[in-house]
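Peer 1: Each chain, letter by letter, is given below.
There are 2 protein chains.
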Amino acid sequence: MKSLSVDQIKKQNFSAGPAILPATVIKEAAAAVADWNGSGLSILEVSHRGKEFVSVLEEAEALTRELLGLTDDYAVLFLTGGASTQFYMTCMNILDKDQTACYVNTGTWSTKAIKEAKLFGNIEEIASSKDRNFSYIPKGYDIPDHAHFLHLTSNNTISGTEFHQLPDTAVPIVCDMSSNIFSRPIDINRYSLIYAGAQKNLGPAGTTLVIIKKDILGKVERAIPTMLNYQTHIDKGSSFNTPPVYPIFVSMLTMRWVKAQGGVAAMEQKNIAKANLLYKEIDRNPLFKGAAAAEDRSRMNVTFVLEKPELEAAFLEAATNAGCVGIKGHRSVGGFRASIYNAMPIEGVQVLVDIMQEFARQNA
Amino acid sequence: MKSLSVDQIKKQNFSAGPAILPATVIKEAAAAVADWNGSGLSILEVSHRGKEFVSVLEEAEALTRELLGLTDDYAVLFLTGGASTQFYMTCMNILDKDQTACYVNTGTWSTKAIKEAKLFGNIEEIASSKDRNFSYIPKGYDIPDHAHFLHLTSNNTISGTEFHQLPDTAVPIVCDMSSNIFSRPIDINRYSLIYAGAQKNLGPAGTTLVIIKKDILGKVERAIPTMLNYQTHIDKGSSFNTPPVYPIFVSMLTMRWVKAQGGVAAMEQKNIAKANLLYKEIDRNPLFKGAAAAEDRSRMNVTFVLEKPELEAAFLEAATNAGCVGIKGHRSVGGFRASIYNAMPIEGVQVLVDIMQEFARQNA
Chain G
2 MKSLSVDQIK KQNFSAGPAI LPATVIKEAA AAVADWNGSG LSILEVSHRG
52 KEFVSVLEEA EALTRELLGL TDDYAVLFLT GGASTQFYMT CMNILDKDQT
102 ACYVNTGTWS TKAIKEAKLF GNIEEIASSK DRNFSYIPKG YDIPDHAHFL
152 HLTSNNTISG TEFHQLPDTA VPIVCDMSSN IFSRPIDINR YSLIYAGAQK
202 NLGPAGTTLV IIKKDILGKV ERAIPTMLNY QTHIDKGSSF NTPPVYPIFV
252 SMLTMRWVKA QGGVAAMEQK NIAKANLLYK EIDRNPLFKG AAAAEDRSRM
302 NVTFVLEKPE LEAAFLEAAT NAGCVGIKGH RSVGGFRASI YNAMPIEGVQ
352 VLVDIMQEFA RQNA
Chain A
2 MKSLSVDQIK KQNFSAGPAI LPATVIKEAA AAVADWNGSG LSILEVSHRG
52 KEFVSVLEEA EALTRELLGL TDDYAVLFLT GGASTQFYMT CMNILDKDQT
102 ACYVNTGTWS TKAIKEAKLF GNIEEIASSK DRNFSYIPKG YDIPDHAHFL
152 HLTSNNTISG TEFHQLPDTA VPIVCDMSSN IFSRPIDINR YSLIYAGAQK
202 NLGPAGTTLV IIKKDILGKV ERAIPTMLNY QTHIDKGSSF NTPPVYPIFV
252 SMLTMRWVKA QGGVAAMEQK NIAKANLLYK EIDRNPLFKG AAAAEDRSRM
302 NVTFVLEKPE LEAAFLEAAT NAGCVGIKGH RSVGGFRASI YNAMPIEGVQ
352 VLVDIMQEFA RQNA
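Read top to bottom, the protein sequences are chains G and A. For the first sequence, our numbering assigns the number 2 to the initial residue and increments by one for each residue that follows. For the second sequence, our numbering assigns the number 2 to the initial residue and increments by one for each residue that follows.
Think of the hints as simulated: they come from the structure by calculation, not from any bench. Computed from a predicted structure; not experimentally measured. In this text, a Cβ means the ideal position worked out from N, Cα and C, and glycines have one as well. Among the clues, some could well be false.
Here chain G is said to cover these stretches of chain A; the calculated rule only asks that three of the stretch's residues, wherever they fall, bring their Cβ under 8 Å from a Cβ of chain G [claimed, not checked]:
(1) 14-20
(2) 169-183
Stretches of chain G that chain A covers, calculated by requiring three or more beta carbons in the stretch to come under 8 Å of a beta carbon on chain A [to be verified]:
(3) 27-40
(4) 79-88
(5) 244-256
With a straight-line Cα cutoff of 20 Å, these simulated EDC-like cross-link-like pairs (lysine to aspartate or glutamate) come out [unchecked claim]:
(6) A:Lys52 to G:Glu311
(7) G:Lys28 to A:Glu222
(8) G:Lys11 to G:Glu318
(9) G:Lys52 to A:Glu318
(10) A:Lys281 to A:Glu222
(11) A:Lys119 to G:Glu222
(12) A:Lys281 to A:Glu269
(13) G:Lys12 to A:Asp36
(14) G:Lys98 to G:Asp146
(15) G:Lys28 to A:Glu29
(16) G:Lys116 to A:Glu222
(17) A:Lys116 to G:Asp146
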């Protein structure tokens, strides 16, 4: 039997972000670039004020509302600049300079959020897992009643941890959900504001979903540039200026796909099954061990190392030869990271598990 | 002979932005979404840190430098948020609160730039064409020596005017070139900073090109959020956070196309020919008249009205039936606007001219 070259092997995309998108979404996304709906024009060259794209924006908002169960007191925005822009834009809009916000530091992204927030108000880091390289989610800390909001990073892409339960508090939550939005149901009533860069569970790079409880706005004293004021974008339906048309379009296609899969509750069941399959192998296989505390393991980003670090290069090669892409761990954790977002089918996870088993046989 | 339905007629895309892209660029852009370079992955799902996309970013920067003749003292960035973000980001980075910047107000976009700039320093509007609905470019005004910079909008998409000559001054220029960048050569030595939303002459919506003379940075006293500091993006090669991968990729393809066409000097000759063809018809045809002062007419956005406004609806219908898209004028000017950016071939302009002639015959 003739063996396949690496280029011919079907790729399993475990990249942390930009990340795998559903195959049907990619097909529709490519077709719309060539000729959108038989219009004779590419979606890349149509007006953002035309009724065709306006209906895309409306559908993207409606799907967000439906999938997450949003009530009318929340606004849905599609902005740009990623979560990194939200790190300061949140505080600029909702935290006055004499107010206090509490942050739980669960990794690189929380750390960056805290740094930017400090430009705008009193920031208290009330808990941190930095002492063990962010390998767990802190618990049992006090959340002061005077906190204007509590900021959480619901899933930590780099260390592979995830909040499976929210802290018990009445303080409203501002949450960076970049890497697990639409992967599980949420209780929207607990949140004042949610933001998420698209390029993990939502779409390609280039747009940022922001969900805001409208009544928290308009209360800070500082002057805010027009483009940085959430109210601007609420008033103009995410089209105050030219929005990132194509990233929003592909995100809308992905949300349609999530809905067709049965919504976020069905996604959660699939994500649990995928995560269980991979973590079970990590725990069973004597060559591997998980990098994150078992109870805080992320369903999205599975981090693991080899018991014998000298085998890492060989395992990376074996996985790469089998078509696995993007499994090298972040330099701050080392080892490996398999990102298994919504769009990753369980069959893709099985390919990785098979490689791990074969690798164990060869290195017994 | 069977007549074609409207959907079957080849479209001529005169949209103001997002706007026409070269047909070859659209073809390559669609192929890369389906399968990028035979990698088995869509460009929408690859890591922005991978060598393939890093080389796209590098080529985009190199092409910008080559096409515009940039020297090493300028940095080239691909950001997000459009020109509307640059309206405040420029001043936040380079204008201290006690410094003065001078603005020439040539339309809607200049007006917005002035509004945002006022949050950061002393802003003097030294000239304006508001008195005649921005239908001309002001001339003969004084530019005070104490100005830290002079802000211009080089082409005014809505009113259809364009600077064909820079003001005679030693004051460095900050320029919004969103709608005419890469359409003609520039003398880079006159500029401290140039910004341009991609969605006219550069690519699809979703990225913003910023060109900065590096030595103007680091001199203001205010604290700047990390993402709003140009230096952040210079230090990280436009990848401090996840950049808008696909909009940058398509912009790079478009710059390759501009280079293959002979660069910006060749583009200028083609743009002059296209503009002359259309303005000549506007001046010749008794039914039409140009909306902008003849000497300040834009080569990119040709604005015109009908001598008899009651014929406007019929002309719009005639043009639409012939496949012309996006020629309705902005509500603040009325009439029509044909945007004939780089990617519009002269044959497309000829289609519109033919319709105007036919319309004149029918309405003689």
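Peer 1: Check the structure against each numbered hint from earlier and tell me which ones fail, lowest number first.
Peer 2: 2, 6, 7, 10 and 17
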